[in-house]
Amino acid sequence: MLAGNFGVGKTSLFNRFIQDVFDERYLTTIGVKVDSKVVALDNGEQLKLMIWDIAGEVSQTKVPQTYWLGASGILYVFDLTRPTTFERIDDDIAFLKKKLPDCVIKLIGNKKDLVSSDRIEEVKAKFEVDAITSAKTGEQVEDVFLALANDIYAQTQPM
Amino acid sequence: MLSNPTQIIIFNKAGYIVESSDTLFKAKEIGNESIYQHFPLIESIFDAIPGKDPKIFPRVETKSILLPGVYDFHIKNILRDNIAMIEWKIEDRTHEYDFRRVEQQNRQERIIAKQRQDIRNVFEK
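Here the protein sequences line up with chains D and S, keeping their order. Under numbering that gives the first Met the number 0, the first residue of the first sequence carries the number 0, and numbering increases by one thereafter. Under numbering that gives the first Met the number 0, the first residue of the second sequence carries the number 0, and numbering increases by one thereafter.
Keep in mind that the hints are not guaranteed to be accurate.
[As the list claims (entries may be wrong)] Here are some of the chain S residues that sit facing chain D, going by a computed Cβ distance under 10 Å: (1) ASP21; (2) LYS27; (3) SER43; (4) LYS51; (5) VAL59; (6) LEU65; (7) TRP87; (8) LYS88; (9) GLN107; (10) ILE110; (11) ASN120.
Because the hints were derived from the structure by calculation, they are not lab data. No residue lacks a Cβ here, since even glycine has one placed at the ideal position from N, Cα and C.
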């Protein structure tokens, strides 16, 4: 599931990963779109990811509760160019961890192509970011979904 | 007040339609395929719907040409001849949600533009 504030690039990441396309225009998502993609895990097995691209909300508490049903992994996306989109990261991640304790959550800073390396270092110093992506160039997009898939798979295996 | 056009579909765990009111699209258009191929959202929630109360998934946009608008999905576990099935009610709210989409797009674009301007102002000071 792709979660986070509006305008951070969730749909662009979704489209880049599923169809390998990018659109410069910002088109708001009103509810939810779902698509799937089969990925090869590190252990050679295949996993079908069902990916939910949901409408961005300033606070994740406003997301319709049914959208979270059955979620196994979340990419929480923020926009590296807009500090307002990372103001609520701690609260939102705490909310998601409480709501979905068994869910794998990864923190993603998107729009790398629009910021300096200094800016990225500042953000990394402040938050435990799992990946810095660019939906526009495709940088790290495939990798972050694969990492999520591997972590979800590992979590479902008996100890 | 007129209610929204609504279709009811009953399907089994494999995603095959058992019954359909065919209000929004004809079940035969799916042929012998599973509905999961057309509606991944449905596949991903089959095992996640708890109890017998209907769960509502608002504002669903599908990639299928069979449902090209924006819909509320009402999904409920049922038993048909002692076999677990799902009752899927599709409420077409495209008109209302398209209106809301335009409002939301304009509002969010204004907010993002203001946030970007605020950042520029800080750097220009």
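Against the structure, the hints:
At its closest, the beta carbon of S:ASP21 sits 23 Å from a beta carbon of chain D; the interface hint therefore is violated under the 10 Å criterion. For S:LYS27, the shortest C-beta to C-beta distance to chain D is roughly 24 Å, which exceeds 10 Å, and the interface hint is violated. At a threshold of 10 Å, the smallest CB-CB gap from S:SER43 to chain D is about 4 Å, leaving the interface hint in force. At about 15 Å, the closest approach between the beta carbon of S:LYS51 and any beta carbon in chain D exceeds 10 Å, and the interface hint on this residue is violated.
Among the interface hints, the one on S:VAL59 holds; its C-beta lies about 6 Å from the nearest C-beta in chain D, closer than the 10 Å criterion. Hint status for S:LEU65 relative to chain D: violated, with the closest Cβ pair at about 15 Å, above 10 Å. With its C-beta approaching chain D no nearer than about 13 Å, S:TRP87 sits outside the 10 Å limit, and its interface hint is violated. Because the smallest distance between the Cβ of S:LYS88 and any Cβ of chain D comes to about 14 Å, over 10 Å, the interface hint for this residue is violated.
Restraint check, S:GLN107 versus chain D: the minimum CB separation of about 5 Å is within 10 Å; hint holds. Contact between S:ILE110 and chain D, as hinted, is supported at the beta carbon level, the nearest pair being about 8 Å apart and thus within 10 Å. The beta carbon of S:ASN120 is not positioned within 10 Å of any beta carbon in chain D (closest approach about 13 Å), and the interface hint is therefore violated.
This entry does not satisfy hints 1, 2, 4, 6, 7, 8, 11, going by the numbered hints stated previously.
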